[in-house]
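Colleague: Mind docking chain B on chain A? Use the hints.
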Amino acid sequence: MLEITDVVTNYGAIRALDGVSLTVEDGSITAVLGANGAGKTTLLRTVNGLVRPTVGRIRFGGRDLTTLPVEGVVRVGLAHVPEGRGVIAELTVEENLRLGGLWRSDRADRTAAGREVFEMFPALAERRRRLASTLSGGERQMLAIGRALMSRPTMLLLDEPSLGLAPRITARLMALLRDLRDRTGVSVLLVEQNARSALSIADRGVVLALGRVVAQDDAATLASDESLRHAYLGF
Amino acid sequence: MSRFWDLTLGGISSGATFAAIALSLVLIWRATRVVNFAQGGMAMVTTFIAYEVISRTGSYWLGFGVALVSGLVLGAVVERTLIRPVERKPPLNAVIVTLGLLVLLEALAGMAWGVTPRSFPYAFDFRGTFSPSDAFAVLSVAGAALLLLLLFQATATGLRMRAAAFEPEVARLLGVRVGQVLTLGWALAAVAGSLAGMLAGPPFISPTSLDALLVFGFTAAVIGGLDSPAGAVLGGLVLGLVLSYVSGYAGADMVTFGALVILVVVLMVRPNGVFGRTGSRRV
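Line by line, the protein sequences are chains A and B.
Quick note on this note's numbering: the first sequence kicks off at 1 and runs consecutively.
Quick note on this note's numbering: the second sequence kicks off at 1 and runs consecutively.
Extracted from the complex, chain A is given alone in its bound form (with noise of 0.2 Å):
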């Protein structure tokens, strides 16, 4: 479970997150939903430890994050999704994929993993070998997933995972998510301009607006709620 309680975060004099407060059950999915610059991002970049909170406290399964180094994060569970695809160019599919799992110690378990995001992904292993930069759109967020994949983490987060996708590939990116959660129980933080189709999958939305919650509820019951869909989610 992700417990973020009361979370102040500063860029310089900017107030990017000005009292945030929201829980990631264990299995679930949780959107967090939002204009640009309404504080999506930097919650994200809270929680991995890329900037740090002035004020607040954010726990993860017991353990305190805002004191984890950045490269710890994900040794204890949590995998990022980073925006813009995240993936690294000028490596090829496969360096991505091993880099995922890296720090692990377990091999025989990361050849395993690789082979799941390999049979989960078929494209990716059409093209193992080949640049990351090479990849469509499409592709690079399945492999910056399927990278995520590798270090078999209990809670996933991404970063705008639909931003440049074609409508029918973001559909089927959240149905994918949804599937994986089904299958695995992983845990899912899903940052998203799109309310409309992270909603469709959420089991939770949380609604920013200039680094406040402004709304906090059941995915249905937001989607339902036409003042709000007005005011923030622009659909």
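In short, the hints are calculated from the structure, not lab data.
Nothing false has been slipped in among the hints.
To give an idea of the chain B side of the interface with chain A (calculated C-beta under 10 Å), a few residues:
no.	residue
1	A156
2	A163
3	E167
4	R172
5	V176
Note that the structure is predicted; figures quoted are calculated from it, not measured.
Note that beta-carbon positions come from the ideal geometry of N, C-alpha and C, so glycine has one too.
Modeller: Quick look at chain B alone, frame taken from chain A:
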């Protein structure tokens, strides 16, 4: 024609030394985006350490080994103590730090060993057009380059180093301890620099005798694109050959001028180096 061959062989031999120092500059540039102006000074210090070991024990190879190991340590220490604090600061800070380190190292060496050149031995016989010493220079640099290639392409550590060089933030999120990787990068670079110092040192070393080496090594690295270890090796060879022809056909006083011309031409025609990646990156 035989003169041309002599110049070619001589160029390959001096090119190997340029390649080694270029390699050390490129490794550091890739890892930390710093041009290490102290590289010549660091190589000078490790060469003087070798000089002490050789003159006390009489064993060239013991001195050679000690030089490489002390390079490894010196590189790691410099990264940890001097470069780490300026890592997230404007790039000029790191430039000033490395220039300051160069001045400091030369001053300390001047205090310890004086400014009078000391005679420094060759690895093997150095007489003739392509002497055993020349062959050793070429083979040792080729071997070092090959080992680095294997490290980068075929090991987990090399994969971590490449990831940290290309996308440090993503690498950290994937659990790569980027700080350790950078220290290792500086350490390995300094070993390549120490090798260059051992090859360029003879017949005499003094606290400033390797200054020119850095200029040539930097030119070679720029020819290769600053980002590419293979480019650094090729750039070193190209520079060695061209300077050898310039020296043979136009006169030895033209060598430094020739290096400058090459540098300016490369920067004008291919600003990213002959072997470098083009500036833009697909994201």
